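K.L.:
Okay, here's what each chain looks like letter by letter:
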Amino acid sequence: MRSRSRNIENTEADAINVSPLIDVVFILLIFFIVSATFVTLPGIEVTRPQAVTGKALEKNAVIFALSGKNEIKYAGSSVQLEEIPGLVEQASKDKGKPVVIQVDQWADASILAKIVAQARKKSAVVSIATRKPRT
Amino acid sequence: MRRRLVQEPERTEINVSPLIDMVFILLIFFIVATSFVNEVGITPKHKDTASSSNNLEEPLAFDLPASGQLLQNGMSIGIEQVAPLVRSNPGEKAPSVLVRVSPGARAGLATQVMDQAMLGGAQAVKLSPLAQ
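Protein chains in written order, with my numbering: chain A, 1287 to 1421; chain B, 2 to 133.
Careful: at least some of the hints might be erroneous.
[What the hints assert, rightly or not] In silico DSSO-like links for lysine-lysine, alpha-carbon gap of 27 Å or less:
| # | chain 1 | residue 1 | chain 2 | residue 2 |
| --- | --- | --- | --- | --- |
| 1 | A | LYS1408 | A | LYS1359 |
| 2 | A | LYS1379 | B | LYS46 |
| 3 | B | LYS46 | A | LYS1381 |
[Stated by the list, open to error] Computed spacing ranges between beta-carbons, pair by pair:
| # | chain 1 | residue 1 | chain 2 | residue 2 | range |
| --- | --- | --- | --- | --- | --- |
| 4 | A | LEU1367 | B | SER77 | 24 to 32 Å |
| 5 | A | VAL1338 | B | SER89 | 17 to 25 Å |
| 6 | B | MET23 | A | LYS1379 | 27 to 35 Å |
| 7 | B | LEU27 | A | ALA1301 | 18 to 26 Å |
| 8 | A | ALA1342 | B | ALA34 | 17 to 25 Å |
| 9 | A | SER1321 | B | GLU81 | 38 to 46 Å |
| 10 | B | ILE80 | A | LEU1307 | 30 to 38 Å |
It should be emphasised that the hints constitute simulated quantities derived from the structure, not laboratory data.
Values in this document were obtained by computation on a predicted structure and should not be read as measured data.
Think of the CB as a built atom: it goes at the ideal place given N, C-alpha and C, for glycine as much as any other residue.
Construct all of the structure, not just a fragment, from the sequences and the given hints.
P.N.:
In structure tokens:
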């Protein structure tokens, strides 16, 4: 008992200086606040088609996915083709966010064309996600 | 008496532990909420048909039937021939390209055709679905 109370006194006496820790944590916090974009992911992983002219796309975008089974996904659930303009308008909130379509390379191209046409009704920039070909 | 005076400023230190707790909670929230989406992709520029009144020429059209072939002017071509065809298009310097897809065609092939057309310098690439 006696020795324990002495131990507590000891730790109080030589407390660790936490100011550098707070500094570092604040810097990390500010970095993550600034880099946070809060995009809604479609919730499925697709095999993107290869493209050589692919460029980095806007991070803050409305993302749709077209799976290999020709299902249109948005924010984790399946949506119909007709719902797309409404969803784009809702998600972009008059800020004119671009639309990114993650398409599976084995999906039906005519459905992709219809999605692009629907998304264009509400957004000026519609991109198709690709991957860099292996060199 | 003297000893007490010396110890006085040490005793009145602000307790920073709740601050650190709060900051850590915020930090963890933002780490979890941050999604690093680094998407690479193509953005086919698209002209509205109304605004292209000066351009009455037929765009260069590629057809993708359900059989998985790539047709240009009725002839089957390979994917690597798209960029040279766009580049050597007579008349206009930068032609518009129209990719007509039938139901059953693969999106991967359609994307590659658009990619190759943009590589060939097409000013606008339009993807249009064909009815059965």
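K.L.:
Give a verdict on every hint.
P.N.:
Here's how the hints hold up against the structure:
| no. | hint | in the structure |
| --- | --- | --- |
| 1 | LYS1408(A) to LYS1359(A) | 18 Å, holds |
| 2 | LYS1379(A) to LYS46(B) | 23 Å, holds |
| 3 | LYS46(B) to LYS1381(A) | 20 Å, holds |
| 4 | LEU1367(A) to SER77(B): 24 to 32 Å | 30 Å, holds |
| 5 | VAL1338(A) to SER89(B): 17 to 25 Å | 19 Å, holds |
| 6 | MET23(B) to LYS1379(A): 27 to 35 Å | 30 Å, holds |
| 7 | LEU27(B) to ALA1301(A): 18 to 26 Å | 24 Å, holds |
| 8 | ALA1342(A) to ALA34(B): 17 to 25 Å | 22 Å, holds |
| 9 | SER1321(A) to GLU81(B): 38 to 46 Å | 40 Å, holds |
| 10 | ILE80(B) to LEU1307(A): 30 to 38 Å | 56 Å, violated |
When held up to the earlier numbered hints, the structure conflicts with hint 10 and nothing else.
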